[in-house]
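These protein sequence lines are chains Z and B, in that order.
Just so we're aligned, residue 0 is where the first sequence starts under numbering that gives the first Met the number 0, counting upward by one.
Just so we're aligned, residue 0 is where the second sequence starts under numbering that gives the first Met the number 0, counting upward by one.
No wet-lab data here; the hints were simulated from the structure.
All C-beta atoms, glycine included, are put in the ideal place defined by N, C-alpha and C.
Wrong hints could be hidden among the right ones.
[As the list claims (entries may be wrong)] Across the chosen pairs, the derived CB separations fall in these ranges:
#1 Ile-133/B <-> Glu-55/Z: 49 to 59 Å
#2 Leu-172/B <-> Ala-110/Z: 44 to 54 Å
#3 Arg-168/B <-> Pro-183/Z: 50 to 60 Å
#4 Glu-165/B <-> Asp-122/Z: 19 to 29 Å
Spelled out from the first residue to the last, the chains are:
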Amino acid sequence: MLSRRALVAALGLTLSLGAAPAAHAQDGEVFIPLISKGFQHQFWQAVKSGADQAAEEMGVRITFEGPDNETMVDRQIDMLAAALANNPGAIGFAALDSQAAIPLLRQADEAGIPVIAFDSGVDSDIPAATATTDNLAAAGLAADKMAELIGGSGKVAVVAHDQTSRTGIDRRDGFLNRMESEYPEIEVVSVQYGAGDQLQSTEVAKAILTANPDLDGMFGTNEGSAIGIVNAVREMGADEVTVIGYDSGKAQTNAIRSGEMAGAITQNPVGIGYETVKAAVAAMNGEELPEVIDTGFYYYDQSNIDDDEIQAVLYD
Amino acid sequence: MTTLSTDAPKSALSRLVTAGTHQKLLAFASLIVLLIGFSIASPNFMQTSNMIAILQAASVNGVLAIAVTLVIITGGIDLSVGTMMTFTAVITGVVLTFLGLPLILGVFAAIATGAFCGSCSGTFVAKMKIPPFIATLGMMLILKGLSLVISGTRPIYFNDTPGFSEISRGSILGELVPALPIPNGVLILFIVAAAAAYVLNRTVLGRYCFALGSNEESVRLSGVNTDRWKIAIYALSGAIVGVAGLLIASRLNSAQPALGLGYELEAIAAVVIGGTSLSGGRGSILGSLIGALIMAVLTNGLRVLSVAQEWQTVVTGAIIILAVYADMMRRKPS
C-alpha cells in the first residue's frame, strides 16, 4: 500500500516537474515545433541554436526534436503527431522519409497549419517553403576561391560524390558553370565520381593526377570526396595542387589547419534553423514565401577557421 | 485504494489474466495517473486525435512487447525483436513490391518469416544451449545485416500495393462508428494481446511457458520434451514480431531496412514496467500492453508539454526504475 502511494506520488512529482515549463506557455503565445532528422549531432545542435535565436527575436516559442538516429522514421512520425496535437502556429520539418510523413502533413495542411521544410526538401507541395543551402551558389563560391588561389588560369578537376543526387548535381554544376562563365583561362580537365567514399575518391583523384601532371587545383564536392583528394595528393606527393573541399568534419578541418587543403565551403546550420523559424512566422502571417530559402554558406580556410562566426557553423 | 480494486477495469483484467492481478492494477493505476496528470498540465493532451496518436505510437512497441513477454516468461530474453521486425518488413517488401504478389501473401510472408527466425533463435537456445542473450544478440546482427543486403540498403516502398497502408493506417472501426476513428493498427495490437493472453493462460503451450521459466529442470525430469516447447514459444514470439513488421511497414508505407536497433530495449522496458519478471516464470500479456501504453503516454505527454528532449529521456528512465522498484516493494513480505 505504502509503495503504491509512493509510486503515485513520484509520478505526480515527475509530472509537475514536467508541467513547469509548459505552465507559462498557455497564454496565447505562438508555438512552432521543429521536427528535425536528428538531435544529438553537432550539425543539428547548430540548427537548433539558430532556431532558438530566431524564436527569441520574434517572440515565439519553439521546440526542437529529432529521433536518436536517421533510421528511426516511425519515431519522427510520432514526434510530428505530438507536435500537431499541440495547436502549433506552424511546423518546421526535415523529413527522414517524405512518403511516410505525408498523411500527417496533409492533416496539418487541412488544419491550416503552415509547414516549412528545412535541410532537405519534402517530396510534396504541402511545405510553404524549404530552407536549405543553395548548393549551386556555394559551389560557385568554391570556383571563385579556386580561381583566386591558382591565379586565374590553369587546369582544375572535380571529384564529385555522385551524379544522381540533388546535392551532387548542384555542387558539380555550380562549380563548372562559374568556371565557364567567369574564368575562361581555367580549363576543367576532368569530372569524376567517387561515391563520397574516401577510398574510392582517393583512387579517382590519383587517376586524375596521373593523367594530368600539370594540374593546378581540385575541388571535392563533399567530405568524403575532399578527403579522398587530400589522400591522393599526399600519396602522389603533388603538393603544388590546390585543394578545396565541402562541408566540415574532423579530417577536413585538420587538413585545412595543416595546409594540405586550402579551404572548404561549409553549410550554415545556424542559418537553416534561423530561416526556418523566420519563414514559419511569415507563413503564419500569410506572407508570400519563395519556394526555396537560401540559408547561406561560408568559405573557411586557415585564416578564419578559428573565428567565432566560422566555429559556430562547423560540425563534425 | 479500495476504489481501485473495485474498478470496472479489474473485472476486465481478471478475465484476461489469472495471476498477479495486483501488479497489473499498479501499472494500470500509473497509466491513469499519467493520463490525468498530463490532462491537467496541458489542455491539448486529452484530444481524440492525440489519444489516437498515442495508441498508434504504442501499437508497434506493444506488439513487440507481447512477443518478448513470451520469451521472458520462459526465463529467456530476446534482443532480436527490433531487427527481426525490420527483416519481416523487408521480406514483405520483396514479396509485394519486388515480386508483385498479392497482399495476402505479403501478410503471410511476414508472419512466416518471423516464426522461422524465432524458431532459429529457439533452436540456438534449446538445442545448442547458447544463452538466450548471446543467441538473440547474434540473431539481432544477422537479421540487421540481411535486411540491408536484401533491400540493397534502400527503403522498399509499397506504392504498387494500395491496400497495404490500410493495414495500419485505415480504420475499419471508424467506418462503422465515425466518432471512433481508431486505426486498424491499434485494433491489431488489442487482437494480438487477446490472442497471446489466451495462449498463455488457457493452453498447454502457455502452461509450459510458465513452467520452463519457474523450473525447467523439474519439467524436464517429469518427461516433457522441453526443447520442443521452448522452440515453439520462440517461434510463436517470432510470428508476433512478424505482425509488428507488418504494422510498421504499413504505417510508413515502406520497409526501412536500417531501422530496428533500439526497439528491443523499449519493448523490454514495456514488459518490465508491466510487472513481468526478467528472471522468468511470472508475467502477463496485459501487463506488457499497459507497459507499452505507459511508455507511449509518457513520451507523447512530455512532448505535448514541450519538455526538452534531453529531459524526456531522463524522465523515462526514472519511471522505469520507479515502476520496477514499486513492484518489488509490493512483493516483499512485510
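For each hint, the structure was consulted:
no. : hint                                : result
1   : Ile-133/B <-> Glu-55/Z: 49 to 59 Å  : 51 Å, holds
2   : Leu-172/B <-> Ala-110/Z: 44 to 54 Å : 23 Å, violated
3   : Arg-168/B <-> Pro-183/Z: 50 to 60 Å : 57 Å, holds
4   : Glu-165/B <-> Asp-122/Z: 19 to 29 Å : 21 Å, holds
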